[in-house]
Amino acid sequence: MVLELQKPRPIWQIMFSTHHTDVGLLYLILSIGFLFLGGALALIIRAELFLPGAQIIGDAMTFNRIFTVHGTTLIFLFILPFASSVGNYFVPIMIRYKDMAYPKLNALAFWMIPPGGALIWLGFADFSWYANPPYSIISAPGPAADMWIFGLKILGISSVLGAINFIVTILKCKHPDMSIGQVPLLAWSFLSSSLIILVAIPTFAAALLMLLTDRLGVTGFFNPAMGGDPIAYAHLFWFTFHPEVYVLVIPAIGMMYEIIPRFSRKPIHSYNSGIFAFVLLSIVGFSSWAHHMYATGMSFTEKTVFMVGTLAAVPASALHVFNFVATMWNGRIKFSTPMMWAVGGIALFFSAGAGGVANAAMPLDFTTHDTYWVVGHFHLFVMGTIAFGSFGFMYYMYPYVTGRMYNEALGKIHFIMSFIGTILVFFTQHVLGLYGMPRRVFDYPPIPEWIAMNQIASIGAMIIGVSMVIFLANIIHSAGKGKLADTDDPFGVGGKYYYPFEARNPSH
Amino acid sequence: MVKLSGHSNWPEWIYVGVVIALMCWVGAEAWEAERLVEHVPADVEIIKVVGQQWFWTFEHEDGTKEIGELHVEAGKAYKFEIHSTDVIHSFNIHDYVVLMDAVPGRVNTVWFAPDQPGTHDIQCREYCGLIHYNMRGTLIVEEPTH
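Heads up: the protein sequence lines correspond to chains A and B, in order. Read in order, the letters of the first sequence correspond to residues 101 to 608 in the working numbering. Read in order, the letters of the second sequence correspond to residues 8 to 153 in the working numbering.
Just chain B, with the same shape it has in the complex (with noise of 0.2 Å):
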């Protein structure tokens, strides 16, 4: 093979060492901070959630049904099962770093655990159509009752 430069290769085999291990360390942490995420605690309670163009809609344990609004209670865990009537949407509390896509046809689970009280915003992150910029809802977290 014909040397070009007459360079040595060291700086570049160091460099690549670099950015691998680094590569792999990236890896490491996200895997594992995925695997925490992911261990959905014994006791949550679970609410429905069910996205259609353009509005989101909520049901409770006990039965209770919200449209748009979301009332939780801090301190306590939540897992949602989100369902979809129509097209693809994605369920998004962006404060608490929730989101799963709602897809007609099957069911995606999420789940969080609100620890402040105080209100947040419910979004679409996923493309759905003619108002989908305006498919918004409230996360409203209030004290604990007991």
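Pulled out of the complex, with its shape left as it was, chain A reads as follows (with noise of 0.2 Å):
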């Protein structure tokens, strides 16, 4: 493992490693980075709600720029490299290989995302995360869209080639005395979600490549002016993004696997149901994109079929969250910080899943679609379970990469305050929703309920916020000054798991 603090190494000798725990340490560094400016971003627009009226911001361009950079940076630059650190750092030990199959590849799909991030960032583009044209081709300045356009086009690919590392190390890399069903299910979660990601993204690629040809003004595949039809756009972009979302959540269900039945002192209740859901979930994954796309215009006999597909969604997330209370009964469970996060990112993963079942029910969802609701309703996804999965796991791995324990009590108050935070900005703007304020607006009438749920949710989002500052302070200083933690079991839970700092770096 690395320990860079016990002994460290000058900083051009990580950056220039392929060695997947040295990979691994980058993704982790960028990824808590860029998680820190997307949440900036998501308090600007929190204390610009605050009250209707310009508030810190001066114009609508500004807020619009704001909160599409704010979505494209948690999902691409915080989210999926967080994973791809786990993953760096734990599917080759548990498949016990000495690194991942292609180490330069490897490194090369990291170092395209501070391109990509920074292409979006320089650029700062307006049309949404969703960049639904003709909005996109016809009316978003440029060069702003063009940048996201290549930044999303260049993490596209990172992800790629991460998918591909990932299949061929835990398929071909892995021991010869470990069959597949052996495999830990947090190396199970990164061969489900890397086969999506290749079975997914090429369609987004194909439709951004489109997109540019559009705003270049060469084709009209998505211009109506053109003879094209923007809802062609709607399709591709969400064959690729729901199953995306299984590819955000299901490593995040992966590391609760690995903190659940480490601090209940027992082994996981059902190893094979979870590798089941596993693989159902990413197989009727794509059965349901088009469920964002109720208000479009479609026919009664298309939606009741992606409503079908949604709802079989729901028992296979249903299995692992029955698998997590049946491993945590009856055991001697050890509320540490790891563990308090995985339990409190279950509870809100349900919640996230049971609004779920309401938007994909037809007659609800013209209610609910583009309102606060889906806001509220995919960030209980995002932030409560899949952040939350993240968090848990940065604090579970933090004593195998600094070499040290972090503040225990800092990090309770981290989870309490954001647990409180997430529920107070999510679960408003649930009701905030059915009182029918929509979505990526800058201002809104003075309606009292849409007031009183915005200073609510803006308050929650500022707890959240100095929640997240304590975790940078404790992280900071305990790296440097928390005491020594005990490798062998830093939690002091007892039994052998897989301890990352077990893996070889030859540069140590």
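It is possible that part of the hints are untrue.
Claimed, not checked - Pairs of lysine to aspartate or glutamate residues, derived as DMTMM-like cross-links and limited to a Cα-Cα distance of at most 25 Å, are as follows:
id: 1; chain 1: B; residue 1: 86; chain 2: A; residue 2: 586
id: 2; chain 1: B; residue 1: 55; chain 2: A; residue 2: 329
id: 3; chain 1: B; residue 1: 83; chain 2: B; residue 2: 122
To be verified - Coverage of chain B stretches by chain A, computed from C-beta distances (three or more under 8 Å per stretch; other residues unrestricted):
id: 4; region: 23-30
id: 5; region: 36-47
id: 6; region: 89-96
id: 7; region: 108-114
id: 8; region: 130-144
In short, the hints are calculated from the structure, not lab data. Only a predicted model underlies this, so the values are computations on that prediction, with no experimental measurement involved. From the three backbone atoms N, C-alpha and C, an ideal C-beta is built for every residue, glycine too.
Build the complex: two chains, separate frames, hints provided.
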């Protein structure tokens, strides 16, 4: 493992390394950096919406740019790189191989992310992460929009390269004594999510190219003025990005599969149902993309098909929840910080899923679609489930990465404040959506209910913001001054699991 | 297959069965409700709705045009034919759960039947650029004339 603070190396040695732990460390630092950049934009959005009228942002265009970059950053530059970081650290160790299958490809996939991120941040496009044509073709100002397209293109290729690497590593490099049915669930989660990436991403890659040539005026794929169809873009986009939701959530579930049995001091309730649910979710994830498009004028039959496809994903997700609860049942649970994040994440995963069923039901979707309900719903996934699993895992891997323990009390405060904040922001946004407030608005009329809900949500966001400052102070301070971790059993729960520090980095 | 914890599986089967049954029920209810909602009455009056950056215009069957305001009568059924001249908008009267995208190059329809006189907000619910937040209008439901 890295333990950079105990045996320091010059920074360029880590940057130009192809070893999986070094690439994992780079992914980790990059993702935490972008987490704070994207989070700061969220706080600006919430401050602006605290009251009707312009508050801290002068004009609507700046606001539109901010929510676009906020979403793009946190999905592509925080959640995905953080999952890659965990995969890089743990997958080779779990399948007992010395490195990833293609170490240079691995480093290349990482180094494509900074230029992609730079294009998105330097451009600061305004057409939302959905880049909805024909707005994005005829109205969105360049060069920001074009920079966004190129940035996403680079990030997409990086995802595909990473996915190929994970699939080959797990299937071809696992120890000969280990059957595929013995690969730990965290590694299984990377296998399933990587397979989804391989099938899903090329569609959006094609759509991005078409969007670019449409913007250049040489084609009219999505431009009705040139005989194109904007709804075709919606299909291509959601064929990639509905399955992509599972690409984001499956590794987070995998992280919980690592944390929950360990802190419950019990083996996982059913390893096989975990694998079954991962595989099932990666297949049925492809049958629901057009539930984002009920209001585009789809026929009754189309809507019915995609509603059934969406509801079919629910039992697979429910299997995971059952597995977690059954694992904790009668366990001697130790509520250390990682366990608190994992349990909180499961609770919010359940709430998010319940809200999703309401969205999928056709008549209800016409109440919730494109309102703040949807914002609250998917944030319960990306923040409440995925980020919660990720924070739990950050604390879990912290002693292995730094060789020191974080401050447990501050870790728990971070969790409690974030949990309260998340409920205040995103449950409230569900209600706000039922009152009819549309998403992606810079300003809103002074309707008393809307003002009250927005203020609760903004206060919740500030609580999360403060907790993240505590988190940052904790991990930076403890990395140098924290007490030395017992790397055999840093959390005092006993048992022997996968110890990343056993990875042999040739530079050490 | 190695049994990892030696537990029995029947609670999991019951749980999965309950979840699947619940989803079937939700799906069936939604299917039935949507089928009823989409059944357009025979005597609807047609209103042409045009969305453009960043306002709504309405054209009644008798040729009257309105901008930003829409006057209808309580107790009558109306069908909106929704057009767009530039980018995608979404025509929304939240109080009556009227929501349909205005897509350039195609005409979408949705119907509603206001039952009470009153005023309601009309808004755009699909991001359409700079003044999307203020692409709003008013629905005025009047007393029936006869």
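Any of the earlier hints contradicted here, and which numbers?
1
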